[in-house]
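A.B. asks: Letter by letter, the chains look like this.
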Amino acid sequence: MAANAAEVQEGLAEIVNEIAGVSAEDVTPEKSFTDDLDIDSLSMVEIVQACEDKFGVSIPDDQVKNLKTVGDAITYISTNA
Amino acid sequence: MTSIVVTGLGATTPLGGDVATTWAALLDGRSGVRALTEEWAAELPVRIAAPAAVDPLDVLDRVEARRMDRFGQMAMVAAREAWAHAGSPEVDGDRLGVAVASGIGGLTTTLATYDTLNEKGPRRVSPFAIPMLMPNSAAGYVGIELGARAGVHTPVSACASGSEAIAYGVDMIRNGRADIVVAGGTEACIVPLPLAAFSSMKAMSLRNDEPERASRPYDVERDGFVLGEGAGIVVLESAEHAAARGATVYARVGGAGYSADAHHITQPDPVGRGAISAMRHALSAAGLDLADVVHINAHATSTPQGDVAEAQAIRVVFGAAADGICVSGTKSMTGHLLGAAGAVETIATILALYERLAPPTINLDTLDEGVDLDIVTEPRKLPAGDLAALNNSFGFGGHNVALVLTTA
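Those sequence lines, one after another, are chains A and B.
Position 48, counted from 1, in the first sequence is what this note's numbering calls 652; the numbers after and before it change by one each time, with no gaps.
Position 84, counted from 1, in the second sequence is what this note's numbering calls 125; the numbers after and before it change by one each time, with no gaps.
Just to be clear, a hint being listed does not mean it is correct.
Said to hold, decoys possible - The calculated label-pair distances, taken between Cβ atoms and stated as ranges, are:
#1 T632(A) x E160(B): 30 to 38 Å
#2 E622(A) x S241(B): 36 to 44 Å
#3 T679(A) x A83(B): 46 to 54 Å
Note that these hints are calculated values from the structure, not bench results.
Quick caveat, the model's predicted, so the values are computed rather than measured.
Glycine included, each C-beta is placed from N, C-alpha and C at the ideal position.
Looking at chain B on its own, in the form it has when it is part of the complex (with noise of 0.2 Å):
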């Protein structure tokens, strides 16, 4: 089977505008979460939230910017600095890929275009709206941007979108439709109807008055996810070929896993069957046994039931196995990306692997006693030798991803 590669990363997240500024806000312990002042969250039950650390706008081309939602303007920064990262591959257009998910899509643009329907007329409507607000918007630009014509996908699976589509990426490689595939997620839609939408089911911190304390996951006091925008991106490459061109590589792919709950369209399984099977997948699909795995980057929103799902479901799949993982939160520090959130969240994991250290899980005070598992809350170092860690990723529907990644 062909070997998968990483090799190239780009995030642009509420800890900062690329990864090696996101990455140290992660190993410092910092949230990315802050109160919303703005004036229009004045009357939201919901007014903390994690933005993207530069605004797009600041970093694209004026022109090319306005013809983008913020999602895509948010996937173009993170594409960019994914391929330059790369080394700006020398590959056959017909061999390369595109697979960038959303959650949600161009909610910004259809928002505003409905206020100038309704204020304006159909005649003020602009020609861009649609291309800016479909969810494979950002997709296409960025396969635009990069000549990608091997095929250009937007999985839609709510918050394990990224990861979704950075398996689809993989399994791209190995039907053997391309060599390169430049894929992850991204998501901007810090505006009142996402707010009080998710407020609505329950789902949101209303830690209003401790913004950088509202995104707890495990802790006792958690008492839901914080939103957070931005992006993440990675450059995965068949072995053959990046090793042909001497690229660096950061780890590999070993496996994804995906699996559907079919049990409710927003509450886990309550015996997590579908997750078990997502991680069992994965790992089966990697060719590991449960001890090689030292890591996991949990999906671990905050929310008073999915943390304690998701820690049992772990509990089950490795047993004693369990207790040589250390496993991190890294929604505590940027909030929950939606469609970017399992991208960036596999960033984070590459990056472990690849530095050898687990970034930590911060405001956890008292760890919910549902949770049997070891939650690194500081930097913890990982051994030497070859390592695997595990990323996971649920979304509303049912959806389940979870991605083995091993050292180089």
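With the rest of the complex left out, here is chain A (with noise of 0.2 Å):
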């Protein structure tokens, strides 16, 4: 069953603020997560496997690469979830 995409943005906001202090309403669709909320390679690790938890998705290492941008993780949970 596909998840809503505004729960799965509101979610994920949860998770990058309590992982990276960053704001939650900076995270938005349009936003890289390296070039714009200046996440890093640990902590994006640690906010997939918070995704992982909270909406019970699989997201495979090799899908990692794929989620540039705050839109693409939603997309790909909410498709996947």
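Can you join these two chains into the complex? Each is in its own frame, and there are hints to help.
C.D. replies: Laid out in structure tokens, this is it:
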């Protein structure tokens, strides 16, 4: 069952805030994790782990490199959860 | 030879979240030891410890703190205080070094991560586990914070680590590698495993019913050390660099002496050979006469064997001149901060010289007859004029480090 994209964005914003300290309202679909939100590779791994737990989705390592923007992650999670 | 001065001090200890609070408590003769009433301690043979007076989580930014083990957090708190105390010096990063030691490193993270691995599987192991648990994590974070590019180092020598880091910092400046080195030690491992393991070694006090009386160096009733946590950091600087920027100098580092027992992994050499040679090397490096030394902050952990072995080594080194030295065992108040001990005690030694006041040794009711030294039990005024003091630190593994400090 596909998850609601708005709910995913809200949940993802909470995770990014918790892990990286980025303000939740800055976690919007067009933002790049690395270039706009200044999230390093280790924090990205932690965010992926937290998303897997929160949304019950599996995000294989070969998919993570495709999740460049917040929107990429929302789409992947809402499609695969 | 390059003269080295101390221009900044920082600490977070069982007695206070900064240097001023810690120093006031030392002079007051307060104990930082308390009962461990937490549920996890209920079945342990040792149920006392000296936790940090201020939780670093209450001081640091939440996100930066979650990427550091507690021992790294302690170091960051102390390093920031020391750097600010030194006046946040303008220095070329290529001439700024860091030497921050730990005895044990990020044990809390190691244990918690192992639980995660077993309970949730390998894919839930944090990517920050290694950078948090590695013993050089604290030094690395402090180096990044300050932009220290001359070298970032982590000597590991158990309970001598903090002093060894300061000695290493002195070497860095003397070797021309840096103008300033931020040096010290940090430790945070008040968790069941080390309490149980040190207890198995019969190294710890079992005075669970009287926490504040448990750490009692030189007293006949002493029965082991009390585990503490915290960090101590000093800013070491070439005298020339400090003078050029008009920095306040709190003390000079006369010299450092290292040695190793090469005897037993945990027992001190029965005739104190290693301790004796470390003190002699330090005095020689400082070019001092025995009579110049007026104060010693002893390693004095409150173990039956160690306190006497060190006291006798001091008597061998100084002979009759030891009569003129007041000796303090500040672990009676702080507990034993392991890899941070040497650094916190170096700070106490510096302040004793700067304030001309030696801190007391508490809980000393009946002096062990094997100790032929003037152990101060109340704050003792030190004389005017140029003074020197010694700080001893010894560690499992047979490491011995002695630092000579002199008045500014």
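A.B. asks: Of all the hints given earlier, name the ones this structure violates by number, lowest first.
C.D. replies: none
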